[in-house]
Amino acid sequence: MKVKAKFKNNITSVRLLAKHPMETGRRKNKETGELIPAKYIQELSCEHNGKVVFLAQLGTSVSKHPYFAFAFNGGEKGQTVQLRWNDNTGDVKKVDATIK
Amino acid sequence: MYITRRKFLNILTVSTAACATLLAPITTWAAWASKAFNATKLDDAYQNLFGTTTLTASDKIVLKLPKIAENGGAVPVSVKTDLDSVETINIFVKDNPNPLTASFHIPEGTIADISTRIRLAQTSTVTAVINAGGKLHSASQEVKVTIGGCGG
Chain H
29 MKVKAKFKNN ITSVRLLAKH PMETGRRKNK ETGELIPAKY IQELSCEHNG KVVFLAQLGT
89 SVSKHPYFAF AFNGGEKGQT VQLRWNDNTG DVKKVDATIK
Chain W
297 MYITRRKFLN ILTVSTAACA TLLAPITTWA AWASKAFNAT KLDDAYQNLF GTTTLTASDK
357 IVLKLPKIAE NGGAVPVSVK TDLDSVETIN IFVKDNPNPL TASFHIPEGT IADISTRIRL
417 AQTSTVTAVI NAGGKLHSAS QEVKVTIGGC GG
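Respectively, the protein sequence lines represent chains H and W. For reference, each letter of the first sequence is one residue, going 29 to 128 in my numbering. For reference, each letter of the second sequence is one residue, going 297 to 448 in my numbering.
Bound-form chain H, shown alone (with noise of 0.2 Å):
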């Protein structure tokens, strides 16, 4: 996941890329012609100072390699945002990115 928080005019916004193959369930194997099982992101959050800011659900018609941005009132520069998704199949992940 590659994050970027920015602070300007007391403002922090947020721009990341989370790399996750975002299967739908719907998609074939070419060779084998079996379906590709769903893979999906499911919730992604950010927190700051220990309160949520983002909160996103997700279904499966979100592009592969999900894009996000989003801005929030506050912040300051050299504090962290911390980011986490949890998909379908259980796997979770957790960034944390300093503002800058």
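It is worth saying that the hints were derived from the structure and are not from the lab. There's no promise every hint is true.
[What the hints assert, rightly or not] Here are the simulated lysine to any residue pairs, SDA-like style, with alpha carbons at most 20 Å apart:
| # | chain 1 | residue 1 | chain 2 | residue 2 |
| --- | --- | --- | --- | --- |
| 1 | H | Lys47 | H | Lys79 |
| 2 | W | Lys356 | W | Ala417 |
| 3 | H | Lys36 | W | Ile407 |
| 4 | H | Lys79 | W | Asp409 |
| 5 | H | Lys58 | W | Ala417 |
| 6 | W | Lys331 | H | Ala97 |
| 7 | W | Lys360 | W | Leu379 |
| 8 | H | Lys92 | W | Ile407 |
| 9 | W | Lys431 | W | Thr349 |
| 10 | H | Lys105 | H | Lys47 |
We have chain H already, so just place chain W on it with the hints.
Same frame as chain H, now just chain W:
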């Protein structure tokens, strides 16, 4: 066949442990609106997520989408509004197998302006629904998906 007391107790402990491990992932995703995400029709998705299908078209929502998408696999979308007390921003793609694409919760202090990339299975209307102050506001736009990726 008799089950001894010891055996019975063993079965009991094993089965409770199994139940606990099986239930654990479900509780962590309790908040994920599975019914709305698994709905295959737009109205069912509205009903399951909001409990109603009545939406008010609003001109205070700025929905940014390309008119023509050469690649339906990654269509940039951004939703912005100056409505007050926004609670959720939801994106629906009418003709996708599962119309509900994403549901964003906007806590207080977060700006109601988000961008992401979505998939379109075919040419379809994309609708953004914003729950602000207990009311549902919506804005829609059609996106043409061209086949072959050579414009159109």
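Cross-check of the supplied hints:
| no. | hint | result |
| --- | --- | --- |
| 1 | H/Lys47 with H/Lys79 | violated, 24 Å |
| 2 | W/Lys356 with W/Ala417 | violated, 28 Å |
| 3 | H/Lys36 with W/Ile407 | holds, 14 Å |
| 4 | H/Lys79 with W/Asp409 | holds, 19 Å |
| 5 | H/Lys58 with W/Ala417 | holds, 19 Å |
| 6 | W/Lys331 with H/Ala97 | violated, 26 Å |
| 7 | W/Lys360 with W/Leu379 | holds, 16 Å |
| 8 | H/Lys92 with W/Ile407 | violated, 25 Å |
| 9 | W/Lys431 with W/Thr349 | holds, 12 Å |
| 10 | H/Lys105 with H/Lys47 | violated, 26 Å |
Hints 1, 2, 6, 8, 10, counting from the list given before, are not met by this structure.
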